[in-house]
Structures are given as C-alpha cells and as structure tokens.
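Working from the sequences, and respecting the hints, build out all of it.
Its first residue numbered 1, the sequence shown is counted upward by one per residue in UniProt numbering.
Just so you know, not all the hints are guaranteed correct.
[To be verified] The calculated SDA-like cross-link candidates involving lysine to any residue, where the alpha carbons are at most 25 Å apart (straight line), are:
{"id": "1", "residue 1": "LYS41", "residue 2": "VAL17"}
{"id": "2", "residue 1": "LYS2", "residue 2": "LEU36"}
{"id": "3", "residue 1": "LYS18", "residue 2": "VAL32"}
Note that these hints are calculated values from the structure, not bench results.
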Amino acid sequence: MKSRLNLTIESTVLLLVKEYAAAHHVSVSQIVEDYLKSIVKPPLEKSNIFDMVHQLHASMEISHSEDLKKDFYEDQSQKYDF
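Dropping the structure here:
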C-alpha cells in the first residue's frame, strides 16, 4: 500500500533532484523511497572468516610427504618426460 509523504526541502535541491530523476528515468518519489529503504534495512550479519574456512572440505587428500619439493619435481619430470 502506498502512502503520501510531504517533504520540505530547499528549492535548489529539488531542482537538482528533478534533473537527476529525469536523467535516470526514475521518479523523485522512487529516489526517496529507495533511500529510505536503504537506511532502515537491517545490516547484514557479518560472517566470521574462520567459521567459513573451517567449513571447507579438501577435495583430495594432501600428501604428508616430508620432501614435497622432491615429489613435485618427480611428478613434473614424469609428466613432461625430463
């Protein structure tokens, strides 16, 4: 349901808002309504990055090899025949 609202603002501000509204193909009422919605909207709940990381699952097992660098070079030499 729509309700009427009377605002009192400076005439120079009104002229600028009307120009802006015409340039962006929206009404002044829509601009005011969008602004009011943005300031009364409850803030988004901030998520804790540590909780998000904890919920991640590895897609493959990670080798517990002591010499990962050596394993890497062995895999590369097999892959590229060098």
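The hints, checked one at a time:
1. LYS41 x VAL17: holds (23 Å)
2. LYS2 x LEU36: holds (14 Å)
3. LYS18 x VAL32: Holds. LYS18 to VAL32 sits at ~12 Å (cutoff 25 Å).
No hint from the list above goes unmet by this structure.
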